[in-house]
Amino acid sequence: MKRTLGVCYYPEHWPEAQWAEDAARMADLGLTWVRIGEFAWSRIEPVPGKFEWNWLDRAIETLGKAGLQVVLGTPTATPPRWMLDRHPDMLAVDAQGRPRGFGSRRHYCFSHRGYRKDCARIVTALAERYGRNPYVAAWQTDNEYGCHDTVLSYSDAALHAFRDWLAQRYQSTEALNRAWGNVFWSMEYATFDEIGLPNLTVTEANPAHTMAFRRFASDEVASFNRLQTEIIRKHSAAPIAHNYMGRITEFDHFATGADLDIASWDAYPLGFLSDRLEVTPEHKRRFVRQGDPDFQAFHHDLYRAVGRGRWWIMEQQPGPVNWAPWNADPLPGMARLWAWEAFAHGAEAVCYFRWRQAPFAQEQMHAGLLRPDSVPAQAYAEAAQVVEELLAMPEVDTARADVALVFDYASAWAWQTQPQGRDFDYFRLAFAFYRGLRRLGLNIDILPPDAAQLDAYKVVLAPGIATLSEPLLAALARYKGAALIGPRSNSKTVEFATPVPLPPNLPGLDATVARVESLPPDVPVPLDRGGNFLHWREKLDTTGSVLESCTDGWPAIVGSGGLRYLAGWPDDAALDRILTDLCTAQGLTVDPLPEGLRRRDSSTHRFWFNYNAVPVDRADFMIPAAGVHWEKL
Amino acid sequence: MKRTLGVCYYPEHWPEAQWAEDAARMADLGLTWVRIGEFAWSRIEPVPGKFEWNWLDRAIETLGKAGLQVVLGTPTATPPRWMLDRHPDMLAVDAQGRPRGFGSRRHYCFSHRGYRKDCARIVTALAERYGRNPYVAAWQTDNEYGCHDTVLSYSDAALHAFRDWLAQRYQSTEALNRAWGNVFWSMEYATFDEIGLPNLTVTEANPAHTMAFRRFASDEVASFNRLQTEIIRKHSAAPIAHNYMGRITEFDHFATGADLDIASWDAYPLGFLSDRLEVTPEHKRRFVRQGDPDFQAFHHDLYRAVGRGRWWIMEQQPGPVNWAPWNADPLPGMARLWAWEAFAHGAEAVCYFRWRQAPFAQEQMHAGLLRPDSVPAQAYAEAAQVVEELLAMPEVDTARADVALVFDYASAWAWQTQPQGRDFDYFRLAFAFYRGLRRLGLNIDILPPDAAQLDAYKVVLAPGIATLSEPLLAALARYKGAALIGPRSNSKTVEFATPVPLPPNLPGLDATVARVESLPPDVPVPLDRGGNFLHWREKLDTTGSVLESCTDGWPAIVGSGGLRYLAGWPDDAALDRILTDLCTAQGLTVDPLPEGLRRRDSSTHRFWFNYNAVPVDRADFMIPAAGVHWEKL
Amino acid sequence: MKRTLGVCYYPEHWPEAQWAEDAARMADLGLTWVRIGEFAWSRIEPVPGKFEWNWLDRAIETLGKAGLQVVLGTPTATPPRWMLDRHPDMLAVDAQGRPRGFGSRRHYCFSHRGYRKDCARIVTALAERYGRNPYVAAWQTDNEYGCHDTVLSYSDAALHAFRDWLAQRYQSTEALNRAWGNVFWSMEYATFDEIGLPNLTVTEANPAHTMAFRRFASDEVASFNRLQTEIIRKHSAAPIAHNYMGRITEFDHFATGADLDIASWDAYPLGFLSDRLEVTPEHKRRFVRQGDPDFQAFHHDLYRAVGRGRWWIMEQQPGPVNWAPWNADPLPGMARLWAWEAFAHGAEAVCYFRWRQAPFAQEQMHAGLLRPDSVPAQAYAEAAQVVEELLAMPEVDTARADVALVFDYASAWAWQTQPQGRDFDYFRLAFAFYRGLRRLGLNIDILPPDAAQLDAYKVVLAPGIATLSEPLLAALARYKGAALIGPRSNSKTVEFATPVPLPPNLPGLDATVARVESLPPDVPVPLDRGGNFLHWREKLDTTGSVLESCTDGWPAIVGSGGLRYLAGWPDDAALDRILTDLCTAQGLTVDPLPEGLRRRDSSTHRFWFNYNAVPVDRADFMIPAAGVHWEKL
Ligand SMILES: [Zn+2]
Ligand SMILES: [Zn+2]
Ligand SMILES: [Zn+2]
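Chains as they are written, first to last, in UniProt numbering: chain A, 1 to 633; chain B, 1 to 633; chain C, 1 to 633.
Simulated from the structure, these hints should not be mistaken for laboratory data.
There could be a bad hint or two in this list.
[As the list claims (entries may be wrong)] The following residues of chain B were derived to be distant from chain A, with all beta-carbon distances above 10 Å:
#  : residue
1  : Ala17
2  : Phe102
3  : Gly103
4  : Ser104
5  : Leu159
6  : Glu230
7  : Arg310
8  : Pro372
9  : Ala377
10 : Ala392
11 : Gln453
12 : Arg529
13 : Gly562
14 : Asp576
15 : Ala619
[To be verified] List time: in silico BS3-like cross-link candidates among lysine-lysine, alpha-carbon distance up to 27 Å:
#  : chain 1 : residue 1 : chain 2 : residue 2
16 : B       : Lys539    : C       : Lys284
17 : A       : Lys284    : C       : Lys539
18 : A       : Lys539    : B       : Lys284
Cβ coordinates follow ideal geometry from the N, Cα and C atoms, glycine included.
Using the sequences and the hints, build the whole thing.
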């Protein structure tokens, strides 16, 4: 595949007279892709049933004729105001019981059958009209599923769909009562119609109830998306993508991704650092204009897995955005660095969001490649530089990783349902392990929770996986490399019960979690080889080898053959040692990197990324602040 | 009375085949009591009006035949799902106006007359069936009134009951308007039907309105409970208890307790330290696996008063729990220490919660004496040790206390209604005084606010009592010992007005609170003899003796004879000095204890408890970490 | 005009027998004014349509005959309970959709037409009865518009009035869609009836939508107030005031003030320091019993502008209040200092709130000049001292200010609608500049945003004005002094879009804001001449003179002639230098004052105010703690 650049564009925002010039400048800049259409429903169908195709026909033609390839979005994230007259109950309802009204976007409940029908109608109309259009080279379904906390809806539509889902899953309330343990506190149901949504209960609902609702809600996203992909495929051979948003774990991206050809995500490094990372204030200060050094890479590797190898950045931050608590200006160079880091991880395309900053409405403070007055903004020249550089390295590939990390959305739901300690968050745990590997200079693959093949890897990590799947357990049993499982892995059944025999119940490892403790962040548990467990630890009964212990004698790591179980949440110092030991024992070379410097290999090159605001000197080369360096392997 | 141990058990959670073995192991361990039934309504009455007694008959018989005595709970804290079809409006409503739905427990409004009828029906059925059962040796009403913030309900049922209560209390709205001062801001009512609940007002409601609602809500708990005790007594001679929860002040436990034979409480030292104590982070760290050294003792002394001498622990934490922000593992020895501390304060029984950890539903992370796989957990051996030790000291008694602290639930409501300073909390104030006395090694009695006899005590404390009752004022007038009254005591009438003459208006003490100030926690007011007032102080006009002053000249303590008024909230240093002076002047010997070491006397023994994670050396004896020591007096 | 003192009094709270003595004591103390009536609706009209005038006639006569002049309030802030039966939907609704119920005060929606009619009815009745009463010397409309967050209502009444307002403003939805940019996210409307209120949207509403709602809500306050003033003027020649509350920016006080003769505000220095100032904990500690040294002065200067020269303090804190998070006792002397500071800024009258502390209802902990038992409280003697001192300086005037600060309510709405950085608050920004000028010992005028005449001033500041008005732009173009504009000034159109050409687009200054960044408070941007930008900075493209720069090279101040644009939010160190440079270059003398010492000139005297708790020594004179000093100019 080719490495390419693109941009997001909204012809409906600008006078038609400006389109041709915009298209020419895009082409001139060297862009390949232009994404359009995903918020334009009110212009495509201003009145119910009355389509206005002409403007869109001309827009696509203008862009296409300029040499650009169009990614056409379905506009289902922004139903027009008239849709609410057709379906007054289509709005999602928040956990407090309040309908989430019209006036911004994503104002729909995934479970509303009437709205789904109208989605099918507009997608059919779009696919019929543009499915064979020579300029439409890819599709995007909807926009950022789950953004603005929109996966979970407590509406009547969701309630009825949930009851149907439960009836399908359990067949009888007797089976459901048994599976959930509803005898506890007399929560037994006689009919499926008695079952409610797990919000607004007096104290926490049965976690099995909540967890079932989380699985249901994730399934609803997948089926909503599948409705669209099935229609598009009938009319078009172009690949279909969805643009996921960073750190959205409310639905299973692997499940939704199974119906797509390409995974893509929207990369806003400064926004994410500001609003969705548990890091120290010092870390936020240090990287305020660069973004976190590992957050993007994690998502690159995640979406490479979700896309089964094919992935893009559909929206790339080009300058300050509008939506984070604070919105700093990226350091000069970052708009280039972020693009190259994506390419180093195997991205086929990086599309900047957006072409020209809009002077109106919600995102008027969101930078584009152009200012509102059409003057090039900072990122314009950086995009041009990337275009230049791509000439020397046009081909995408990703180097084989020796280390794999299993990532499981259901575990995020599990530990939100029952954190047991206030700060126990699955993404945070998994990301801590990922970051630990990155600090050691390793290439990493992310694996889905039902991965059945581990043989390509020397080391596999599976922290915090609530339920180890059958395929993964079987793969682990066969596995010749080193696997580090835990903490908290395999500690729940799929019905959210504690399994008996007690966890982790791993093949070939005699170890039992006799009890666990969660701890406030200021109560570290020291390890005898240095560093600490934080947040969480477990007391193991074991006859296996105790490889490390806490200073009070509780086993910290036990192992048998290549299989190791980790009985707590290590701090960075402990994690560095544990991962170094694990990898070097498998013959891997680790390269502990200075803060803010990171690397990734393609099969032909080693790429270096300097997230620091100062240069880094590496003896054989120097990388400037916000710089990228690569060398042939 | 005998000192005994027991356990909470849920036969409905386990296969019937396991009951006999469980019962045998309980008996073998030396347990006396087994509490059952309090959440089993859906199994006792799976369909409205259709009772299933057989399983419960067999469970009681199995346990009884093994030698155990059954405490039978009424299941009214967990009405089954079908109850909502009978009474759709029975749910409590929160202060934001949202019904608090089915799906956990305590989903009922105390004021709903229809639900009360169904409670009477199930309690009657239970009492008729088991009132003379030889194995049923005690009763428990409902479970943890007020847990999950369930005393205050803003439902229609509550509204109508409140209006009736007001009509009974005031007889006319004219009288009510006058009593509340409704002329202020034109809040006058013409009929009782115009009066609403004091939530969702634009700014704070009239505090007299709020306070009346708090008194009403407390009365509703008492009458709800009385409904059950009156039925049980008709059919059974066994004593009746309720299991109160720690630091629940939303209803008057003395009033509810008047209808019970035994007070009991549910002691979760680590959970309480984590989620309901205003202490420093350092203190929380130090006692993270032991619990606060005074919190349990306070409740022991409180419930000895509520139970008029007879009290139990109905649920004793045996290991990590599931519900606090963080849930640490108790230090080995604590499950024994906690039991012995209860016995030292006069407990007749300590029941561990629960026999076997449930692998399902809300409390699956709550430890038991057994793990989910029936292997003994940490506390099992500690319970066995207590059983052994009880053989040497089978008899319960409590040593006479020389010091008494008045505790008044209505004052908690008063200062929540009108804190005047954000951090003015009644429990916190009363507990600070209690803790001060404990630090000095004293035995303490807690007295109800209408205590009419003080002569048994050398020292009486009454901080923060909003309204001193007639009996207490009369007792103080007669009292020969030393009484320390204030801060803020007697500063409100029962109708929540400022009395004129101004407070404290104490018999024989010429002192007037000319004005008060509340202060942020970082603005201490130094006292001339050391230490500070924090949070609160008062300016006194007085012709009495000024015993201490603030460094800026405001009187800090004034006195006349044995009566002293304290004009602020002392910090620990000031409190230690003030209490030492007060007690030694009355001929009491104080023994300032090192941090984490505490003591309590029975009439025959002095017990020492080491809450520290390290040993304490006391010259004549050494107490290990988490250790208990006793010596004959 | 005369400088006078007054007091707020509630005859309906006290037995009629006490009125004459109260009136005599007021007169004896030397008070001129007594404000009454503003919460007495339930006593004036206890039953709908049935007026009870007799008591009020007697109260006014008793007060008037004692020599006092009455300020009569309209009681519309406290409609009686029966009003809700007439208009069940008159309640305001909060942003969460909950009606804000009866039981305190301000329980009405400004947009409810039925309630407005009843307001007109009661005001007409009052004005007819007392419009010519010789003792009624002034009027007050309602009470503290906007207090308790009551300007914004999300009720049906507000919704319908908003749609009408939009229809008037835009005439067609096509025009509205264009003005707001509703094509973004398909938010276009076909009819005005489709438009909702901008709350409870999935993510933020279109800022143009929110901003229109804010303008509408402000207009509603003005028309509600105008309804009353028009009625009163028909019947009375006495001047009309309203008592504004501190730091209420939800409606445009200039617009409401245009219908009034006198602006007045309610000055609670300790309450405001405790609950509505972004200052360091150290600052709050230092001034805990004195109040902020600049907050009152800012409001004095603001309301002198709102009242077009005529202004009062209608409620002056006399001792501890009841409503702040913490309520300290003022240092002795502060009740005098606060009054004199008001007079130094041109107040005609200072009325203490209230005569006697009420022993009942919401404000029973709010001090008065008398205690509840009628004994003089601390402030009584201080008021007496002010009366004495006024004899020597009876005449009010205000010295010419050389420096002016533009203050614009719409900018407060704009930056709340779209802060872009979490801590960007307009009042905070404007107040920082005001405080900077005060620290330099300058006299300041505040100007409305449509000020058309600047020639009286040597220096004009206009930070953060979202849209510079036509008159102000014209005045700036003509202006010969030094004007400092920015940061963020003129960056929005009136329809809340980004203007093209880009801001600031100032006459005669070639400077363009190429982009902006908001920054967390711990990321300062150092300036090359010292100090930092905090929270916010802008990157300017300019051919003008760069007068200061950030150390990374971004221009910090650019200028051309007298016009300077400031490209960030300066910290105190930077602001002191910038303002000193600006003022001294215009020939003004600055006098950097020690912390807590402030000054203000009348045309004849220089007044000094010591907000410190310790004396300040100024070589030629010494001011005690909480002291006032004045000298002839
Ligand atoms: Zn996006
Ligand atoms: Zn319990
Ligand atoms: Zn007021």
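Each hint, compared with the structure:
With a cut of 10 Å on Cβ distances, B/Ala17 stays outside the contact zone with chain A, its closest approach being about 15 Å. At the 10 Å boundary, the C-beta of B/Phe102 falls inside the reach of chain A, the nearest C-beta of that chain being 6 Å off. Not every Cβ of chain A is farther than 10 Å from the Cβ of B/Gly103; the closest lies at roughly 4 Å, contradicting the non-interface assignment. At roughly 4 Å from the closest C-beta of chain A, the C-beta of B/Ser104 falls inside 10 Å, breaking its exclusion from the interface.
The Cβ of B/Leu159 sits about 19 Å from the closest Cβ of chain A, beyond the 10 Å cut-off, so the non-interface label holds. Even its closest Cβ contact with chain A, about 24 Å, leaves B/Glu230 beyond 10 Å, as expected for a residue assigned away from the interface. Under the 10 Å C-beta cut-off, the non-interface status given to B/Arg310 relative to chain A holds; the minimum distance is some 29 Å. With a least CB separation of 5 Å from chain A, B/Pro372 falls inside the 10 Å interface cut-off, contrary to its annotation.
For B/Ala377, the requirement that its beta carbon stay farther than 10 Å from each beta carbon of chain A is not met, with the minimum near 7 Å. Every CB of chain A is more than 10 Å from the CB of B/Ala392 (nearest about 30 Å), matching its label as outside the interface. Consistency note on B/Gln453: stated as away from chain A, and its beta-carbon is indeed over 10 Å from all of that chain's, at 41 Å minimum. Non-interface call for B/Arg529 relative to chain A: holds, since the shortest CB-CB distance, roughly 35 Å, exceeds 10 Å.
Under the 10 Å C-beta cut-off, the non-interface status given to B/Gly562 relative to chain A holds; the minimum distance is some 45 Å. Chain A leaves B/Asp576 outside its interface by the beta-carbon criterion, the shortest separation being 27 Å against a cut-off of 10 Å. Every CB of chain A lies more than 10 Å from the CB of B/Ala619, the least distance being 29 Å, so the non-interface label holds. Simply put, B/Lys539 and C/Lys284 have alpha-carbon atoms about 22 Å apart, close enough for the 27 Å limit, and the pair holds.
The straight-line distance between the Cα atoms of A/Lys284 and C/Lys539 is roughly 22 Å, inside the 27 Å bound, and the hint therefore holds. The hinted pair formed by A/Lys539 and B/Lys284 meets the criterion: a straight-line CA distance of about 22 Å does not exceed 27 Å.
Figure legend: structure checked against the earlier numbered hints; hints not met, in rising order: 2, 3, 4, 8, 9.
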